[in-house]
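For the sequence shown, our numbering begins at 35 and goes up steadily by one.
Everything labelled a hint here was simulated from the structure, so no lab data went into it. Misleading hints may appear alongside valid ones.
In silico DSSO-like cross-links for lysine-lysine, where the CA-CA straight-line distance does not exceed 27 Å [what the hints assert, rightly or not]:
no. : residue 1 : residue 2
1   : K669      : K198
2   : K198      : K305
3   : K198      : K309
Beta-carbon label-pair distances, calculated as ranges [unchecked claim]:
no. : residue 1 : residue 2 : range
4   : W310      : N341      : 44 to 52 Å
5   : I331      : V77       : 17 to 25 Å
6   : P398      : V522      : 16 to 24 Å
7   : P418      : T293      : 28 to 36 Å
8   : D137      : D499      : 32 to 40 Å
9   : P710      : R154      : 27 to 35 Å
10  : G687      : R740      : 25 to 33 Å
11  : D499      : S712      : 33 to 41 Å
12  : T314      : P707      : 29 to 37 Å
13  : A390      : H610      : 35 to 43 Å
14  : I600      : V708      : 49 to 57 Å
15  : T314      : E392      : 15 to 23 Å
A virtual CB, placed ideally from N, CA and C, is assigned to each residue, including glycine.
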Amino acid sequence: MLVRAAGSGSRAMAIRHLALAYAVLVGLVLGGSAASAQTSAVVGTVRDAETGEPIAGATVLLTGTPLSAVASADGRFAIEGLHAGRYTLRAVANGFSADSLFDIALAAGERRDLTLRLRRVPLMLQEIVVTASRLVERSEESAVSVAALPSHEVVRRNVTTIDKALVYVPGVTFNGNEQLDIRGAAGFARGVGSRVLMLLDGHPILSGDGGEIDFASIPLLDLDRTEIVKGAYSAIYGSSAVGGVVNMVTNPVGAGPETVFRAHAEAYTFKPEYKWAGETQEAFGLGVQHSRRIGSIGGRFFLGYENTDGFTENGESHRWLGRVKAASAPTSSHPWDAYAVFTRDRSGEFFTWRSADEPYRVSPNEVGDHTVDNKLLTGATITPLARTTTLVRFSPYFNINTLQNHFSDNSDWHRAVKPGMLAQLSWYPSQGHALTLGSDGAYTWVNSNFLGHPRILDLAVFAQDEFPVSRNLKGSLGVRLDHHKSDVGESEWAVSPKAGLALRVAPRATLRMSVGGGYRAPSAIEQFVSTQQFGFRVVPNPALQGEQAWSGEIGTTVTVLNRVRIDGALFGSVYHDLIGPAPAPGQPFVFQFQNVSRARVVGMDLGFKAQVIPDRLELQATYLFLDTEDRDANKPLPYRSRHNVTGTINVLGGLAGLDTRYRSRVEEVLGYPVDPRSGVIVLDLRLGYRAVGVLWQLKVANLFNRFYVDVQERNPGAPRSIAITALHGL
35 MLVRAAGSGS
45 RAMAIRHLAL
55 AYAVLVGLVL
65 GGSAASAQTS
75 AVVGTVRDAE
85 TGEPIAGATV
95 LLTGTPLSAV
105 ASADGRFAIE
115 GLHAGRYTLR
125 AVANGFSADS
135 LFDIALAAGE
145 RRDLTLRLRR
155 VPLMLQEIVV
165 TASRLVERSE
175 ESAVSVAALP
185 SHEVVRRNVT
195 TIDKALVYVP
205 GVTFNGNEQL
215 DIRGAAGFAR
225 GVGSRVLMLL
235 DGHPILSGDG
245 GEIDFASIPL
255 LDLDRTEIVK
265 GAYSAIYGSS
275 AVGGVVNMVT
285 NPVGAGPETV
295 FRAHAEAYTF
305 KPEYKWAGET
315 QEAFGLGVQH
325 SRRIGSIGGR
335 FFLGYENTDG
345 FTENGESHRW
355 LGRVKAASAP
365 TSSHPWDAYA
375 VFTRDRSGEF
385 FTWRSADEPY
395 RVSPNEVGDH
405 TVDNKLLTGA
415 TITPLARTTT
425 LVRFSPYFNI
435 NTLQNHFSDN
445 SDWHRAVKPG
455 MLAQLSWYPS
465 QGHALTLGSD
475 GAYTWVNSNF
485 LGHPRILDLA
495 VFAQDEFPVS
505 RNLKGSLGVR
515 LDHHKSDVGE
525 SEWAVSPKAG
535 LALRVAPRAT
545 LRMSVGGGYR
555 APSAIEQFVS
565 TQQFGFRVVP
575 NPALQGEQAW
585 SGEIGTTVTV
595 LNRVRIDGAL
605 FGSVYHDLIG
615 PAPAPGQPFV
625 FQFQNVSRAR
635 VVGMDLGFKA
645 QVIPDRLELQ
655 ATYLFLDTED
665 RDANKPLPYR
675 SRHNVTGTIN
685 VLGGLAGLDT
695 RYRSRVEEVL
705 GYPVDPRSGV
715 IVLDLRLGYR
725 AVGVLWQLKV
735 ANLFNRFYVD
745 VQERNPGAPR
755 SIAITALHGL
């Protein structure tokens, strides 16, 4: 539900109400912090039940509480700050079945040392996620569809950016370069105004002025997993979570020094009739990462360089990347971590091809068009209070992005500075019952020659209650109130609720159902842009308002004989006031962003994974069916495909494999509707070999060198490429 706040009195009242909510939250935090008592601890080791070797990276959960720990390189873990009582400890690790220790009785001040032994299984049965509820939980406990993409699958696929691996997650597609879509929520807007919220360790990393995702700015060497929540989820995460949430979770800093490097080189090969450059189009990159602990502080540093000619004219990119991370000791009673990511990128701009006969070239007057982009992403997570019944967490962030166009028809520039803070209190009044209260705020300064100088305030409060209905049935309720205000536009409120149930119908089978609301505030670029670009004149629309959505689903996850895992869901979504380009009223050949349409999407996504021969042969497949409708135009939504399929064959533990992607003909486009359109199928071949401590990988992408249009009209997909990669330390 969206409410416009027209007058200054209502805006002042909104801010006072939100300030009062902040004060109440802080009071609860201080009250919880004041309570102190002699505390106990559970420490121990997670080991392989067959070999006795420690299992590094295992997650240990103290069930029914907000507390957890990650096992270090020697398998050790520690959970501090416990009250006297009885507890259940559960350990989960990739490639092992979970193990639990029940009815652990702790006396006041006691420090109990325990061992958990996990047995190897062919398939990863349980995934630990933190995004679905902002709390540590097993994925099958969630009332919404959530998938986890572990780092070893990213390594197997031999990719440089995470988007190239996300396409194999059920329900995820890409509508052109970097245009992330979950279950048909997004079309194509050249990245502006993402309907999927992108997070790094729980911190938002969309650009402050455009709401854009830049996958190339995030290094992958310290990635632990990527979590994907599907469907409208603004009840917890607010604006931009209209289609879902993607959270990249990094590894904790280990106890000992560790160095990782990755080097790669790539070359493109074109069909003879499309070859356009006199020299081979190439790419190469190098990244080095080092981690160590100094006293109780852990640190990690990454430096990388990526250079590519691209496969199109103006496709070149030269990028420097840096990342630092610092963290407290794993056993700290007040854990914290902080990071900073910096990227500088000079990239060419390919808008549309010169002609169907020269699809990899641009018009002569556009040759040399490029942008220079700088990004600084910083964030921290501070937990001043972590007890068996109470968790208090603060997550500040500070992001800066700048961009300068060097185009034949303009030299536009913009800069955005966005500080923000999330405060969260989680309280466990009883076993399995978790109440979470939080507040979220951000302020954005934008300076630009074509956006003006808008100032944007976003404030929110949210609440979530997760509770047991019966032994095998869990319920979840939540609501969030967002307030969005700019100094040159109207302010608005948005209320986003959610409700869900998760039922365990058998030891290896769960059923889930949920409904939730979505909201996306207009980005500064959508609302205030005034420019001439690629021959089009675009003017501002200060009256632009936010998008709204409702989505619901019924899904299930089933594991058979520890070898086959099937996950599927039927879903439906409705959207109101979708933002898109449209002719400006009374101004011929002039465009602006407007609330242009209402839409409906229904469909189904399926994910299948099977270990046919453990460590020898693995099969994976996904299928996404979409039935979409623009309810104003009575036709399908643009840039969606009705059928979307991926398949993977892994052999020898993933050292070799085949990946395929298929999407049926795009049913509707916004421009050039008479251009021929067809389905797309691409096959990739992967080979790998370990020698002298290095993983050597060979990848042939688009093995049969098929020419295709990459969803957006008159934009070619990548031709065949051959890449060689050397990876050490992972």
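Here is how each hint holds up against the structure:
1. K669 <-> K198: violated, 30 Å
2. K198 <-> K305: holds, 23 Å
3. K198 <-> K309: Distance of about 25 Å is within 27 Å: holds.
4. W310 <-> N341: 44 to 52 Å: violated, 20 Å
5. I331 <-> V77: 17 to 25 Å: This hint holds: roughly 21 Å between Cβ atoms.
6. P398 <-> V522: 16 to 24 Å: 39 Å Cβ-Cβ, so the 16 to 24 Å window is violated.
7. P418 <-> T293: 28 to 36 Å: holds, 33 Å
8. D137 <-> D499: 32 to 40 Å: violated, 27 Å
9. P710 <-> R154: 27 to 35 Å: violated, 51 Å
10. G687 <-> R740: 25 to 33 Å: Because 29 Å falls inside the window, the suggested range holds.
11. D499 <-> S712: 33 to 41 Å: violated, 49 Å
12. T314 <-> P707: 29 to 37 Å: holds, 36 Å
13. A390 <-> H610: 35 to 43 Å: Since A390 and H610 have Cβ atoms about 38 Å apart, the given range 35 to 43 Å holds.
14. I600 <-> V708: 49 to 57 Å: Once the Cβ atoms are compared, 41 Å apart, the range 49 to 57 Å for V708 and I600 is violated.
15. T314 <-> E392: 15 to 23 Å: holds, 18 Å
Checked against the numbered hints above, the structure violates hints 1, 4, 6, 8, 9, 11 and 14; every other hint is satisfied.
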